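Student: Chain order of the listed sequences is A and B.
The numbers in the UniProt record's numbering rise by one with no breaks, and the one at position 136 of the first sequence is 136.
The numbers in the UniProt record's numbering rise by one with no breaks, and the one at position 3 of the second sequence is 3.
Derived by calculation from the structure, the hints in this document are not laboratory data.
Model, not experiment: these values are computed from the prediction.
Do not take every clue at face value.
[Unchecked claim] Chain B is nowhere near these chain A residues, computed Cβ spacing over 12 Å in every case: (1) K42; (2) L72; (3) L85; (4) Y126; (5) D148; (6) V156; (7) G158; (8) T197; (9) P258.
[Claimed, not checked] Calculated cross-link-like contacts (lysine-lysine; reagent style DSS-like; alpha-carbon spacing at most 27 Å): (10) K219(B) <-> K178(B); (11) K117(A) <-> K5(B); (12) K91(B) <-> K117(A); (13) K88(B) <-> K14(A); (14) K15(B) <-> K91(A); (15) K88(A) <-> K219(B); (16) K206(A) <-> K15(A); (17) K12(A) <-> K117(B); (18) K125(A) <-> K276(B); (19) K15(A) <-> K14(B); (20) K14(A) <-> K91(B); (21) K125(B) <-> K12(A); (22) K91(A) <-> K12(B); (23) K91(B) <-> K12(A); (24) K15(A) <-> K125(B); (25) K88(A) <-> K125(B); (26) K276(A) <-> K117(B).
[As the list claims (entries may be wrong)] Residues on chain A that point at chain B, a partial pick, calculated with CB under 8 Å: (27) R37; (28) N38; (29) L159; (30) A161; (31) I279.
The C-beta atom is built at its ideal place from N, Cα and C for all residues, glycine as well.
Number of protein chains: 2
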Amino acid sequence: MNGLKISHLSVKFKKKEVLQDISVTFQPQTIYGLLGRNGIGKTTLLSLIANRIFAQDGEITLDGHSVVDNDLALQRIYVMGERNLYPKNLKLVTILADTAGFYGGLDQAYAERLAQKFGLDLEQKYGQLSTGYRSIFKDIIALTVTADYILLDEPVLGLDANHRDMFYQELIDTYAKKPRTFIMSTHLIEEVANIITHAVILSAGKVILDEEVDEMMTKSYLVTGPEKEVTAYVEGLNVIGKEQLGRMTGYYVYDDLPEMRILPDTVYLEKMPLEKLFIYLTQQTTERKEG
Amino acid sequence: MNGLKISHLSVKFKKKEVLQDISVTFQPQTIYGLLGRNGIGKTTLLSLIANRIFAQDGEITLDGHSVVDNDLALQRIYVMGERNLYPKNLKLVTILADTAGFYGGLDQAYAERLAQKFGLDLEQKYGQLSTGYRSIFKDIIALTVTADYILLDEPVLGLDANHRDMFYQELIDTYAKKPRTFIMSTHLIEEVANIITHAVILSAGKVILDEEVDEMMTKSYLVTGPEKEVTAYVEGLNVIGKEQLGRMTGYYVYDDLPEMRILPDTVYLEKMPLEKLFIYLTQQTTERKEG
Chain A
1 MNGLKISHLS VKFKKKEVLQ DISVTFQPQT IYGLLGRNGI GKTTLLSLIA NRIFAQDGEI
61 TLDGHSVVDN DLALQRIYVM GERNLYPKNL KLVTILADTA GFYGGLDQAY AERLAQKFGL
121 DLEQKYGQLS TGYRSIFKDI IALTVTADYI LLDEPVLGLD ANHRDMFYQE LIDTYAKKPR
181 TFIMSTHLIE EVANIITHAV ILSAGKVILD EEVDEMMTKS YLVTGPEKEV TAYVEGLNVI
241 GKEQLGRMTG YYVYDDLPEM RILPDTVYLE KMPLEKLFIY LTQQTTERKE G
Chain B
1 MNGLKISHLS VKFKKKEVLQ DISVTFQPQT IYGLLGRNGI GKTTLLSLIA NRIFAQDGEI
61 TLDGHSVVDN DLALQRIYVM GERNLYPKNL KLVTILADTA GFYGGLDQAY AERLAQKFGL
121 DLEQKYGQLS TGYRSIFKDI IALTVTADYI LLDEPVLGLD ANHRDMFYQE LIDTYAKKPR
181 TFIMSTHLIE EVANIITHAV ILSAGKVILD EEVDEMMTKS YLVTGPEKEV TAYVEGLNVI
241 GKEQLGRMTG YYVYDDLPEM RILPDTVYLE KMPLEKLFIY LTQQTTERKE G
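Only chain A is shown next, with the shape it has when bound in the complex:
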């Protein structure tokens, strides 16, 4: 019963089905990656959870209770959106105070420390911020607000490399001190591979993968070598991609490797990075849809 549970959710905009019968449960105290191609419905899903739009079918529950018109539930879920929802002439300090009022509070001292660290003047108006600093400001709220489920849509959009490092480090630190659920939607998959413990991948309106990252990594391989030997080795396995380098063939495999099969001397096995896995898995479903 515990957790943020999405059941059989479907959404259409005009006649286009954006989400088709999505079911996924976000457990307490876990850091999730919500991954998917541009325009695949990640932002729609976050808006549904935040009650900003409503689904034609299905439901969303928090610890067993529907979130629709449920203020108690909504106070426990904070959604940081990619869109700019704040009035441009509001000062950042005012937005912080308003947010603290609606949710169960906000760690003001920590927010000020973070603002200092990221070089953000909280006396500014929201409309004065660049893309990068808008992300930083929204990240500061997400890291300091009192909520059990915190959804971050593109938290590092426009951030430079140093600021991205700082954000990831703060996320890990605050999670260690007070474990709660973070659901991060991002396009920089390689950078969060060591932070998220669970990945949910959306493609073509469906959940195509919902798994522990550790588990995923033990099944993600690149097998290289001469065509004939490599092809024999991967026979019957779930091959999601193929690349060629001169005479050498590489297969991207997402599967448990067969223990009984002998690896020839000319064939090499290596780990596939999470981003490659994502690229091939989501390409596959897109092609299937079009074909």
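For this one, chain A is given, so just place chain B on it according to the hints.
Tutor: Chain B in isolation, oriented as in the chain A frame:
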């Protein structure tokens, strides 16, 4: 005389000096990375080149002629901005046609192929696009417009991993067919490390590095091992960062390595990624400024 030359450029906003006496020359037919922290003045520099704002001091010339109020020069320089400069109710096809009119033309067939490839409907209005698709649309113009100097401000902002790969590949292809200068400002440094041939790094209002990427990489090392041995080895070298892992010490070195110095068996040398080099170089100047 050839090239886009920035000489002793200084800009102040209110009393704050954003760019301080910047000098740098962008050569013909070269792919540049213009790198810097958030808010360091990259966008200001691009706006100056595009004649959208003006400098208090210094000048910008193209092949020896000032770009100020020089329509002939400005037609040869295309600046793709991070800000959204197009009216929201204009159709994408109309924007393409207008751009073709102002510059020396635009490869319409290639633009349509790219739109198809990226899944972008050109009959849409600009205001309907998401952050990612705004970037894609602006990238399509940048790749197809007839100009000798093309400046891209955050070309992959909001793009998913597959789209980023596609964009980099198209950039390399179109450059190979028709070499011209691309100046890319981006925060995803590691991803462009193999694409750019020359890097210009801005920090604290100044150009702190202006060098061929190949040259930079031959001077960028991480030296690891026991503290005593490592410290002895890097003595007198330009150490830009230090990290500790238990008893092991790592120094990030940006320097030519001393040929005469013997590397002890316990000390390891490896290449430093471009992003690490960037992080340490720009941290250093920021700290120097604050100190």
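Student: Work down the list of hints and note, for each, if the structure agrees.
Tutor: Verification of the supplied hints:
1. K42: violated (10 Å)
2. L72: holds (32 Å)
3. L85: holds (14 Å)
4. Y126: holds (16 Å)
5. D148: holds (28 Å)
6. V156: Violated, since 9 Å does not exceed 12 Å.
7. G158: G158(A) not clear of chain B: closest Cβ-Cβ about 6 Å, inside 12 Å.
8. T197: Non-interface label stands for T197(A): nearest chain B Cβ at 20 Å, farther than 12 Å.
9. P258: Its Cβ never comes within 12 Å of chain B, the nearest being 29 Å, so this holds.
10. K219(B) <-> K178(B): Roughly 31 Å separates the two Cα atoms, so the pair is violated.
11. K117(A) <-> K5(B): violated (36 Å)
12. K91(B) <-> K117(A): violated (42 Å)
13. K88(B) <-> K14(A): Since the Cα atoms of K88(B) and K14(A) sit roughly 21 Å apart, the hinted pair holds (cutoff 27 Å).
14. K15(B) <-> K91(A): holds (22 Å)
15. K88(A) <-> K219(B): violated (46 Å)
16. K206(A) <-> K15(A): holds (17 Å)
17. K12(A) <-> K117(B): Answer holds: K12(A) to K117(B) is near 24 Å, not above 27 Å.
18. K125(A) <-> K276(B): violated (33 Å)
19. K15(A) <-> K14(B): violated (51 Å)
20. K14(A) <-> K91(B): holds (20 Å)
21. K125(B) <-> K12(A): holds (21 Å)
22. K91(A) <-> K12(B): The hint holds at about 24 Å.
23. K91(B) <-> K12(A): holds (24 Å)
24. K15(A) <-> K125(B): Holds, at roughly 19 Å.
25. K88(A) <-> K125(B): Roughly 24 Å separates the two Cα atoms, so the pair holds.
26. K276(A) <-> K117(B): Holds, at roughly 20 Å.
27. R37: Holds, about 5 Å.
28. N38: holds (4 Å)
29. L159: holds (6 Å)
30. A161: holds (5 Å)
31. I279: Holds. Min distance 5 Å.
The structure fails hints 1, 6, 7, 10, 11, 12, 15, 18 and 19 (numbered hints given earlier, in ascending order).
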